[in-house]
Amino acid sequence: MRLFKKHTDALSSVLDGEEIKKIKNAVADDAVRGWSVFDADGIEVISEGVSETVTAVCSNAIDLASRIGAELNETDTSPSITFLKGSREMHAETLTAANLIILRDNSGGGRKEMRHGR
Amino acid sequence: MAVKDTLDKITQRHSDVIGAMVLHNGSVQHNLESPYDVLEIDAILETFTEIFEQTEILADEGYDFGEVMIDFANHSFIVRTIENGLLAVLAPQMQRGQLVKLHVGLGIFGKAVQKAIEEEGATPASDIVEQTAPPVEEQEVPTSEPQPVEIAAGDDEDAPADESTLSSMLGFGKKRRGNFRGTKELLASRVAAAEAEAQAEDAVSEPTPKEVDAQGDEIPLRPDGTPMKKKFYRGSVYWE
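Just so you know, the sequences run in chain order L and R.
By my numbering, the letter at position 103 of the first sequence is numbered 103, and the numbering carries on one by one without gaps.
By my numbering, the letter at position 202 of the second sequence is numbered 202, and the numbering carries on one by one without gaps.
Quick caveat, the hints were computed from the structure, so don't treat them as lab data.
Remember, predicted model here, so these are calculated numbers, not experimental data.
The beta carbon of each residue, even a glycine, is placed where N, CA and C say it ideally should be.
Incorrect hints may have been included.
[Stated by the list, open to error] Which stretches of chain L does chain R cover? Using the computed rule of at least three CB atoms under 8 Å from a CB of chain R, they are:
{"id": "1", "stretch": "52-63"}
{"id": "2", "stretch": "66-73"}
{"id": "3", "stretch": "82-88"}
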């Protein structure tokens, strides 16, 4: 929660209230190790515990996911992508005004289904 | 058990799965239940190989992911690496319980598919079945002949590579050495290199592309006459 409040002002400049609420919910999860928000141009807006490399890779992965959507003529242009191995998980998804990356480590608990909460 | 039989078992065991496919050593083997045609599947798998290539970069920071899932409004694609290839399944977007079950199942079947591949040995051309195999020139998959490994700026140019496998072409399992410059720089350098190459070609010979891809874009040719590959980066298109 403190993590969220620390960046509320910065977030509000690029995200609407509903999106901030989603991030707040995600960050409040103990399994979240870090998070990052970057705008539609791929510029990182704020970050906590997420490196530039991770941000860049996830941003590019979201672009590639959009490419799959285009190939399939999917009308949903906001795909999410999850990297998994064992209990480790890294999730990135598109928001209206930005992309969001959430690093999660679920080794201590069950998986929280994030994609249905967007 | 044949690879295809193993794929069939995946769809039988997991009723939510509507398609399963394997890309192995450049050969694509499809389950017939996928609602998408071959070219679409090729594009999907090609995109996933690019994503897995990106995950290798993450490994430098301690993230070694072997499985990737993409969600859209109606579908989930789940792809995991197997030896020298990828195993992918396609399913309608699922609830949590179904999703966890499928993840577990995919891990088990990934091993089963790998075992089936080993038992079958080299994938015979006849196994790239029926309606699944587009003409080779359209498929643009690696052949059995050794291909030169294109090493992008920032990669370890000295690392040994088994050029006969898709795995080595993508760099799976390859240890990086030296300074890592970061994905943004890496991708930017690829774009710059592609643009420079295109400008150089324009200045020298003004190549006249004859082939057109699925989007209707003309496919430029490399100096050696082979078609370039279309790449996407942050909404921009470039060729390399």
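Against the structure, the hints come out as follows:
Proximity of the stretch 52-63 of chain L to chain R, defined as three or more residues with a beta carbon under 8 Å from a beta carbon of that chain, is established by the 9 residues found. Counting residues of the stretch 66-73 of chain L whose CB lies closer than 8 Å to any CB of chain R gives 5, which reaches the minimum of 3, so the coverage claim holds. With 5 residues having a Cβ less than 8 Å from any Cβ of chain R, the stretch 82-88 of chain L passes the three-residue criterion, so the hint holds.
Hint check: no violations occur; every hint is consistent with the structure.
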